[in-house]
Structures are given as C-alpha cells and as structure tokens.
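2 protein chains.
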Amino acid sequence: MESEGKNNAKKEKIGTQPYKGVRDFYPEDQTLLNYILATERDVCRRFGYEEYHASILEPAELYRGKGADNEEIINEQTYTFMDRGGREVTLRPEMTPTVARMLAARRRDLGFPLRLFSTPNLFRYEATQRGRLREHWQLNVDLFGSDSLAADAEIISIAHALFMAFGASQSDFVIKLGSRSYLNALAAELGLSEENTRAMFALLDRKDKMPQEKFEADMEAIGVPLGKISADNPPEDVAAVLTLLSESGIDNAVFDPSIVRGFAYYTGVVFEVYDTHPENKRALCGGGRYDNLTKLFDDERVPAVGFGLGDVTVGHFLEVRGLIPPYLPSTRVYLAVPSEVHVATVQALAHELRQQGVTVAIDFGEKKLSDQIRQASKHKIPYLIVVGDTEAQTGTFVVRNLATGSDTTLKREQLAPFFTTL
Amino acid sequence: MESEGKNNAKKEKIGTQPYKGVRDFYPEDQTLLNYILATERDVCRRFGYEEYHASILEPAELYRGKGADNEEIINEQTYTFMDRGGREVTLRPEMTPTVARMLAARRRDLGFPLRLFSTPNLFRYEATQRGRLREHWQLNVDLFGSDSLAADAEIISIAHALFMAFGASQSDFVIKLGSRSYLNALAAELGLSEENTRAMFALLDRKDKMPQEKFEADMEAIGVPLGKISADNPPEDVAAVLTLLSESGIDNAVFDPSIVRGFAYYTGVVFEVYDTHPENKRALCGGGRYDNLTKLFDDERVPAVGFGLGDVTVGHFLEVRGLIPPYLPSTRVYLAVPSEVHVATVQALAHELRQQGVTVAIDFGEKKLSDQIRQASKHKIPYLIVVGDTEAQTGTFVVRNLATGSDTTLKREQLAPFFTTL
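For the record, the sequence lines run as chains A and B.
Take the first sequence: its letters are residues 1 to 422, numbered as in the working numbering.
Take the second sequence: its letters are residues 1 to 422, numbered as in the working numbering.
Every clue listed holds true.
Since copy identity is lost for identical chains, a pair holds within one copy or between any two.
Calculated pairs, PhoX-like style, for lysine-lysine (alpha carbon to alpha carbon, straight line, at most 25 Å):
#1 367 - 378
#2 295 - 367
#3 378 - 295
#4 295 - 13
#5 380 - 367
#6 20 - 295
#7 380 - 368
#8 378 - 368
Calculated from the structure, these hints are not laboratory results.
Isolated chain A, as found in the complex (with noise of 0.2 Å):
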C-alpha cells in the first residue's frame, strides 16, 4: 500500500485506503446495495425461488477440469492458495460450481424442480485499469431438474422481472437469445471439428465487433456456409421460448444467432440482456441451460437453467436511466438536547419512540445545540426534536423537517403515529 506523504512525519502510519480494486461501503453506497441486492431478493421470491448461500473459501479443484475455457481463469484470474494444511484453496470467482456442488451433496434430500438463488460476492484477480473490479457482488438464480422449454422461459422472465422492478420499461433493454443446442447439431451436420466448432462459437461471439464481410469469410474458412446462421430463422428451442415469453407479455426478447456464452458448461438456449442506451451498449447479464455440470461430482444428470447479474452492471444501469433511489438514511428522527443533564430524558423518549418502530438517533449534549443540528443534517437526518427541560415538562414537541424547515408542534403521544405514518 501506498504511504501517505504527510503522514510520515515521526512513525509510518498504516494507510486508509482499502485493498487495490476493492470498494468500501459507506452507509451512502450501502443503501444503495441493499436495494440493489434486496429488488433482486424479492423479485426472486416471487417466482418461487429460495435463498442459498456458501463460502467464499472453495477448495481449487472445483474450478479445474470444467474445460480447456477456464484453464486461463483458474490460473490466472483468481485468489487461488495454500492454507497452513496444504489445501489449495480459491476466493471463489463464480457461483455455479458451488451450487453444482451443493445439489450433488444432498441431490437425495432435495425436491425437483428446485428453484435457487443467491447473492453472493465473487473474486477475481485481475487487472483493475478498466475500472473492472476484483470483487462484485452477482445474483445468481437457477432451476434444476427441469428438462421444460418453460423453465428457461421463466428464468428469462426472470431476468425481465428484476429490470422492470429496477424501474426499468421494456425499450430500455433487450433480450438475445441463442441456441448452443443449435450450434452443436449444426457443428455435427457440418462435420466440423472440434477446433473448428470452438473458432465458430468465437466467431459468432465476435461478431458485432467485425465486419460483416469478414465474418462470413471467416465462417466459410472453418467451414460454415453462408446462411447456415442467419437471424431470420429462429432455432425451435428459441422459438418455442420466444413464444412463452409472448404470452407472458415480454415484448422485448429476439433471436441472435451471435449469442454463444463464453463458457463451456452451457448446453442449450442461452441469453444475454443488453442496454438499448447508447451510452451503455453491453451485456448487462446473461445465462442459459447447462444440464452436464453436475456431472463434474457423480454420473447423474441433473438438467440445470440459469443466469447471473452483476451489481455494478446493475449500478451503472440505473445511473445511466436516471433510476438511482435518492439516499434516505435508515434513521427517521434526530433527539438534540440543550446540555448533557437531559440525557436521562432524551434516553427515555427515545426508548418510547424505539418500542413504537421508530428508528431514533440521540445526541449526548457535549457539543452546543446548533452544531448537534449541523451534525443530524451532515447525516441527512429528516427529522429533529430538541428535547429539553420544557418539552419534558409540558409534553409538547416541536418536530422540525430538516429539508424544508418547516416545524409542526405534536403532543408527546403523537409522536411515534407522526413517524410511522410517513
């Protein structure tokens, strides 16, 4: 860590700043996580989806030999090391191979279909200039044991749900779909190689990033013909999805036969959501069908949909539409007192106030009145009663809205009403 130039004076002092890539959450950008995190809870509660949670410690090899995709990640891109008992082990990266992990531990005890999320923080190492950060936290749902077109319907309305819930309208996003089911008949009918078959997946997953031109002399190069891909023609399993959504009244969903997922474990439709702003033109989440991961812990299959959502995706989603909730601390009233000798009568106000649900901060009276009410508005306190001798005596309160200055004079039993009511 950087020393702090002025600090250095006498004695190193220990710096404040926190670990590089990394963010601190102070109770402004705390709020702003816990309704991030608390729309998705709820959004996911109302599909019949319960919570989960594990460690973020991992033993490494639940990350290795998923394919030759994640060999780089493993490597490279995480907190993989050795414990003082020569465990390897790795600040998870991704939530799915837990899940997968959990299911195959107590695939007996759980019922099917069964319906997961989780909000968990995920760690990679790398490297921070983009403003990429080395930690986030994803929302991750999925369905197990579900072979139905209609559970990757839902987990896509899912997906849908949770940007309306952000207060989100349907022009502000769009839904991709593609089909790896698609892709790997194609590949088959094609006869193309395995090599082959990965550059095709790369270059479709490249291909807003080329011309078109390029792209279809690539793709005739591994030997795909022109037209073998084309938007018009929708894959069956999409189509047949397209469809569910339709009926669910989701308007904003396509075919794109350029959305492949990057990672090797999906098996058939996948999706990604993108920004239609233009100054926010990317994939805000993604996901798909992945019925082989299981497999990784014994031979059973266990069909498997479901899709991940990053909270700074999700942050600069709402910054961009303007839909950031103005900060409101959880703290509704702010107690001041003329001296310290009104702490026993500030105490006891409070404790009334509290027992009736209203969150009630106190001062102590160490400092004059007028900075007690400089430090409630520093805190963005709505609220403020000064409580001393008279109010105690007469039962009388003045409550002072912070924001506007207006005062409005309550009896000491209609005060917790007054709050709560709000």
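Given the coordinates of chain A, assemble chain B onto it according to the supplied hints.
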C-alpha cells in the same frame, strides 16, 4: 479434500463437501441466518445506526502493530497471502480495524456522533476440533465521537435489546461490566510494571477458572493487595453506566471485576453478555470503549465504543432456549398441473398472483400430479393449487393447506387476497 470412495471407480470426481471449517447454507440454514441478521439490523436501526460494509480483503498491515496481543493472531491465526502483485493480503479476522480505517479516510466528511453497524463474515485460521469455525458472521456495532458514558450505556442497551428481540427474557442473560480505565489507574497507583499489569489482566480474565485462594495469592505475588479489586465496589465509570442502564429498565447488568477483554485496544468500560442457562454458560458477546484505535492512521484521537456478536453464538443461544422460529420457505403457494399442455395456463395465473405480491412456484407438468404434490411438501411450501382445464374455465380453484390437508374453494380474484392477508 478427501476423495469419496464410491466415485473413484472410473474417473476421479470432485468432492461435494465445502472447504474445511466453513458452512454451506441450504435454504433452511439461510433462513435462520437471515432471521438473525434481519433482527440485528432492525434493532441497530431503531437506535439510529446506519449500515456500512467493506471487502473481506484487507492489506495485511492493517492488523499489525496493535500491540503484542495480536502478533500471534496475524502470524498464525489469519489467512494471509501474497497476491500476484506482491501485496500482502489478509482475509479480515475482525471488523474493528476496517471501520477504524474507513473512519480515518473520511474523518472530515463524517458527522459525529457517528453510529455504524455491519454484519461482516470474518475468517480465522484455527483448529476446528472444538466446533470453532473458520468463517462466521459477526454483527459489529460502533458509536464514534462521544466521550459520554451515555454512549457506553447506549451500546450496552443495544446488546440488551438484541437478546430481547430474539425472544429472550432478562433472566436468560446477564451483562457483566468491567473497567479498563479503573484497572489502568490502579496499576499506576500501585506502581506495577507493564509486565505485571499484563499479568493482572490475564489473572482477572481467568479468575473464574481457578480457585479463589490461588487467584488471591497470584495477585499478591505481582503486587496487587487483597481487596483492591472487589465486586462490591464498582469503579465510578461502571457505576454511572449501571445507573443509566437501570433508568432504561435494564435490570440484568452487574459489575464484575474479572471482565477485562483480551484485546489491547480497550481503554474504558468493557462488558460481556453471559447466558444464564446451565448448559450454555459462556460469553455470548462483548465489547467496550476503545479511544485510541484511529491513532494507527493519524494523530487524531476519536473516542469509540462498540461490540461484536457472532451468528454461531446467537444460533446456540436460540437453540438452547427453544427460540429458533420454525422454518417456512418464502414461497407461499405451489401451482401443480395435470400435464405439460397446461403450462401457458399456469404461467398466466402465476403472473397474476405475483403482480399482487404473492410468492408462487409452478410445476411444468413433467411428472405426474402426485409426484408434483410430494415435491411441494418436500419444499415445505404451505399451499397447493392444481391448475387444470376445469379450473381455468370455471375460474374456481381449490387451495389445499398441505400441512392440515384442508381445502378452501376460491374464485380467481379471491386468491391473491387469501395469500397476502394470511
């Protein structure tokens, strides 16, 4: 990780157990953790505390230099490793250094008194044989910027309110207060060396674990005369805090001279909460005043008082007292279908109910009806509705209570109110 014998036949499979000493949270476990954390958040907010958070990754230097007590902890009891950029990183073993760091970073912008809480997961690399875990969740509550003993009383009141909110009565626990300032003054008065002052703290800490005669003899040996430390005569600061607590209706707080708290950083009143249950007679939580911690970052003193409470400890307390709420999933109702052709119908009803705030899981009809109902029961979902052609056409539905087997017949528009007013 231990390999699992039965799966080794053909190919090495990955183990399904979590990393040693940490827990998986399946929905039932997560529901209990959520209950504990939500209760803690609610109590803290009633007292005017705002939530903050930080990454579990901290520069290792944050935990060094707090005094010899912590050398062992940082060297042998933390997860500390070098990252690929040559930075020494520690998975936080406690939250107080983090909040002190955050405070020092923005001292000018934060108003005082400042009330903060967090529910971080903390990591200790320790032997797991005694059921001690390597990761737990610990509520941390801190009040910064006040020298008033009313601040000490408030922090202790929050600990008290927490146990009451969990359903305990005052006879279930006792709050024991000690005074580090009194002991420091006593050491000075007696002219004790630093070594003997430490020895006095250590003896007091172990007082209840040794015969009274040995305690007295050992105290005399290091220069503390008999009767200098007595439970009958609380120091001034403890007495004042006890009076404030009593004025708040807290009757289960006492002075106990053996309460010293191990950490080097405490400076004033310290306290621990003890379970009075004969099977769980140990400290449930503890804390106190620590006015010098922010001096690690610069030369400005910020008075501080706070405490911590771990989720495992709370879990044990609730278990011993029979206070764990019965598990109920978030999902209120399961919609079963006679066959796969009813998917669009059931999807439409689910959509309607969700719009009105009901949490609904649906079946896709891949298994027969009796199996679907068995799955709903396995998930402990309380209500079931079978959605077939008759129900869709007549608009009349039978709601089955899966626990009692009783049925209620309702019109479509009566369904949502039935579930939301339960």
